[in-house]
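Engineer: Dock chain P against chain L, hints included.
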Amino acid sequence: MNKHLKKIAILAIIIVISLLFSYLDSLIIIPLPIPGLKMGLANIMVVYTLYKLNIKDAIIVSFIRLILAGILFGSIVSFLYGLVGAILSLTLMIILKKLTSLKMLTISIIGAIMHNIGQILVAVILMNTAEIALYLPLLIITGIISGLAVGILSRLLFEYTKKINLGLD
Amino acid sequence: MLKKYRNDLLIIGIILIFAVFLILIINLVRKPGSYVVVIYDSKEVAKYDLNIDQTIILNYQNDDQNILEIKNKKAKIIEANCPDKLCVKNFGAISKEGESIVCLPHKIVIKIVGPNKEIDVVS
Chain L
1 MNKHLKKIAI LAIIIVISLL FSYLDSLIII PLPIPGLKMG LANIMVVYTL
51 YKLNIKDAII VSFIRLILAG ILFGSIVSFL YGLVGAILSL TLMIILKKLT
101 SLKMLTISII GAIMHNIGQI LVAVILMNTA EIALYLPLLI ITGIISGLAV
151 GILSRLLFEY TKKINLGLD
Chain P
170 MLKKYRNDLL IIGIILIFAV FLILIINLVR KPGSYVVVIY DSKEVAKYDL
220 NIDQTIILNY QNDDQNILEI KNKKAKIIEA NCPDKLCVKN FGAISKEGES
270 IVCLPHKIVI KIVGPNKEID VVS
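These protein sequence lines map, in sequence, to chains L and P. Going letter by letter, the first sequence gives residues 1 to 169 in our numbering. Going letter by letter, the second sequence gives residues 170 to 292 in our numbering.
Looking at chain L on its own, in the form it has when it is part of the complex (with noise of 0.2 Å):
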C-alpha cells in the first residue's frame, strides 16, 4: 500500500479517536469553581501521537481535532481557548521532550499546565478581568492531575501498540 495514503488513514483513526475523547471531555463536569474546566482526555492522542509518530503530524492531529471538535460541538470562543492552550501545550511539549531527557509522564503534565496558561490568558483578554489570573495556582495543580492521567493513559497506549509495525520508516 501507498505509504503516503496509509498515513493519511493512520492520521485520520487518530483524529477520530481524538475527536471521541474531545466529546467525553465536554460531558465531564468537574466539581471545581472553574468555569469550563475539563479533563483534557483528547490530549491523549496528541501525547501518544508525538511518541508514536513525530512532531508534524502531532501538530496536525492537535489542529484538526480542535477545528473539527469546534464545529461539531464548540463554538468560536471555545475554539479560540483550545487554540492558544494548543499552542502553548505543544510548543513546551515538543522542545522538552527534543532537548531533554524528560519522560513521557512529566511533558504530558507540563503539556496540561501549559493549556491551562493558555486557556487563563485567552479569559483574561476576552472577558477582560485581570483577577481570573488568580485561578492559575489552582489550575496548575488540576493540570498535574489531568496530565497525569492523560500521561498514564496515552503511555499504556504506546505500550500497548508497540508492536505494531506502522510501516511508515
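Keep in mind that the hints were calculated from the coordinates and are not lab data. Any given hint might turn out to be false.
[To be verified] In silico negatives: residues of chain L with every beta carbon more than 10 Å from chain P:
| # | residue |
| --- | --- |
| 1 | Leu19 |
| 2 | Lys103 |
| 3 | Gly118 |
| 4 | Leu134 |
| 5 | Leu138 |
[To be verified] For lysine to aspartate or glutamate, the following EDC-like pairs were computed, each having C-alpha atoms within a straight-line distance of at most 20 Å:
| # | chain 1 | residue 1 | chain 2 | residue 2 |
| --- | --- | --- | --- | --- |
| 6 | P | Lys254 | L | Asp25 |
| 7 | L | Lys97 | P | Asp177 |
| 8 | L | Lys103 | P | Asp177 |
| 9 | L | Lys98 | P | Glu248 |
| 10 | P | Lys200 | L | Glu131 |
[Claimed, not checked] Quick look at which bits of chain L chain P covers, simulated, 3 or more residues with Cβ under 8 Å:
| # | region |
| --- | --- |
| 11 | 44-57 |
| 12 | 119-131 |
Glycine included, every Cβ here is placed at the ideal spot set by N, Cα and C.
Structural biologist: Relative to the frame of chain L, chain P by itself:
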C-alpha cells in the same frame, strides 16, 4: 528506579510547591471586600454594598436570570436558569477582594471590590 525519575520528580515537585505557595500568598494578601460589582458582557452594570443583606435578581438578556444573595458580608448566586448551573453549584460564597463568580452562559461576572473604588451613582 527512583534515580531514573529524579529530574522528572524534581520538576513536578517544584511546580507543585510553587502553586501551593501562590495559593497561600493569594489568600494571605486578599482583604475582605466592601462592594459586589456585577459585570455583564465585560461592562460594569451594577454595584451593591456587601454590608447590606439583600437578594437581587440579575436579568440582562432575554430570560437569563441569576439570583444574587448578599448575606453576612458574603455574596452568592443562589439560583440560575442557565443550562450548567456551575455558578450555583461550583462556586461558594465570596467575600474577599478580587474573588469572583463567573456565569459563562449568561456572560455575567460577579466580583468583590475594595472600599476605595468610587461608587458609581448611575448603576
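Engineer: For every hint, state whether the structure bears it out.
Structural biologist: Status of the hints after comparison with the structure:
1. Leu19: 22 Å, holds
2. Lys103: Given a closest Cβ separation of 5 Å, the condition is violated.
3. Gly118: Given a closest Cβ separation of 16 Å, the condition holds.
4. Leu134: 6 Å, violated
5. Leu138: The assertion about Leu138 of chain L is violated, with a minimum of 7 Å to chain P.
6. P:Lys254 - L:Asp25: Satisfied, since the Cα-Cα distance of roughly 18 Å is no more than 20 Å.
7. L:Lys97 - P:Asp177: This hinted pair holds, its Cα atoms lying about 12 Å apart.
8. L:Lys103 - P:Asp177: 7 Å, holds
9. L:Lys98 - P:Glu248: Measuring from Cα to Cα gives roughly 50 Å; hence the hint is violated.
10. P:Lys200 - L:Glu131: 14 Å, holds
11. 44-57: violated (count 0)
12. 119-131: holds (count 4)
The structure fails to meet hints 2, 4, 5, 9 and 11 from the earlier list, while all remaining hints are met.
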